[in-house]
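*Asks:* Below, each chain spelled out in residue letters.
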Amino acid sequence: MKRREFIVAAAVFASLPEAQASDEAMRAAIRAWAGRDPEPGTLKIDIAELVENGNAVPVRVVANEPVTGLALFTPLNPEPGVIQVSLGAAAAKPEFSTRMRLARSQRIVAVARAADGRCWQVGMDVIVTLAACVEP
Amino acid sequence: MATRAVISIPAAIKANEAFEVRATVAHAMETGYRSSDEGARLPRDLVRRFECRLDGELVFAADLFAAISANPYVSFWMRVGKAGELRFSWRGDNGFEHFETRTLNVT
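Protein chains in written order, with numbering that gives the first Met the number 0: chain V, 0 to 135; chain U, 0 to 106.
Bear in mind the hints are in silico, worked out from the structure with no lab data behind them. Honestly, I wouldn't trust all of these hints.
To be verified - Listed below are several chain V residues computed to face chain U (Cβ distance under 10 Å; list not exhaustive):
| hint | residue |
| --- | --- |
| 1 | A88 |
| 2 | A90 |
| 3 | R98 |
| 4 | L101 |
| 5 | S104 |
| 6 | R106 |
Unchecked claim - Mimicking DSSO-like on lysine-lysine, the simulated pairs with C-alpha atoms at most 30 Å apart in a straight line are:
| hint | chain 1 | residue 1 | chain 2 | residue 2 |
| --- | --- | --- | --- | --- |
| 7 | V | K92 | U | K81 |
| 8 | V | K92 | V | K43 |
| 9 | U | K81 | U | K13 |
| 10 | V | K92 | U | K13 |
| 11 | V | K43 | U | K13 |
In this text, a Cβ means the ideal position worked out from N, Cα and C, and glycines have one as well.
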């Protein structure tokens, strides 16, 4: 292969999409769920700041007022969506817990949606030492 | 093998007082991004939706994605005024379905 061909081929290879979401993909996913771009607001994400094992990270999202929906998104996992929750009338508190995978250190985003259509979001930096998806 | 699910609800519930419901179902939540030892891509197999209904009315629902860990776990809080029946459902890829029912004993 000539040097020029190699450079062109390398450039094409480098531009192939990776199995990784991006901030743009995350924003699109948030918009799809919330219906628009949420404003910054108050929302608590309970998660360890330093995670040893990204395969099962306990996470809790708490709002400080009644909401109809809560969701979690990640910019650097293979896909932006994590979980999208709907709360009915018998739900006593605007919160939920689950266990999630983290492919790498990143800023995860929680979004809340209220009955009157308002929606707001908050981000939280998490450092991962052993990422998910590396083990067979 | 039959699917196993674990649901935790307080044994005695007081009317109009908040209590926590925790639910887990045994499932690999295969992301579709991993490879087997032979290098073949493991096909995606996820639980896509969890629902909890009280006498038919939705209390809590969650759409799950590949970023949820194996054996998906969710917990939430609810409040009831009278006794009722809680019905849990998990649905996912390859026709995965699992149902559980629990009776709420309200005092």
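*Asks:* None of the hints should be skipped; say for each whether it holds.
*Replies:* Going down the list of hints, with the structure as the test:
Hint status for V/A88 relative to chain U: holds, with the closest Cβ pair at about 7 Å, below 10 Å. Checking V/A90 against chain U: minimum C-beta separation of about 6 Å stays under 10 Å; hint holds. Interface hint status for V/R98: upheld, as the beta-carbon distance to the closest one in chain U is roughly 4 Å, under 10 Å. Proximity of V/L101 to chain U holds as hinted, the smallest CB-CB distance being about 8 Å (cut-off 10 Å).
Interface restraint check: V/S104 against chain U, minimum CB-CB distance 15 Å, threshold 10 Å, status violated. Checking V/R106 against chain U by beta carbon gives a least distance of about 14 Å; that is not within 10 Å, so the hint is violated. Taking the CA atoms of V/K92 and U/K81, the gap is near 18 Å; set against the 30 Å cutoff, the hint holds. The suggested pairing of V/K92 with V/K43 holds, with an alpha-carbon distance near 13 Å, which does not exceed 30 Å.
Distance restraint check for U/K81 and U/K13: the Cα-Cα separation of roughly 9 Å lies within the 30 Å cut-off, and the hinted pair is therefore satisfied. At roughly 16 Å between alpha-carbon atoms, V/K92 and U/K13 fall within 30 Å of each other, so this suggested pair holds. Our distance criterion of 30 Å between C-alpha atoms is met by V/K43 and U/K13, whose separation comes to about 28 Å.
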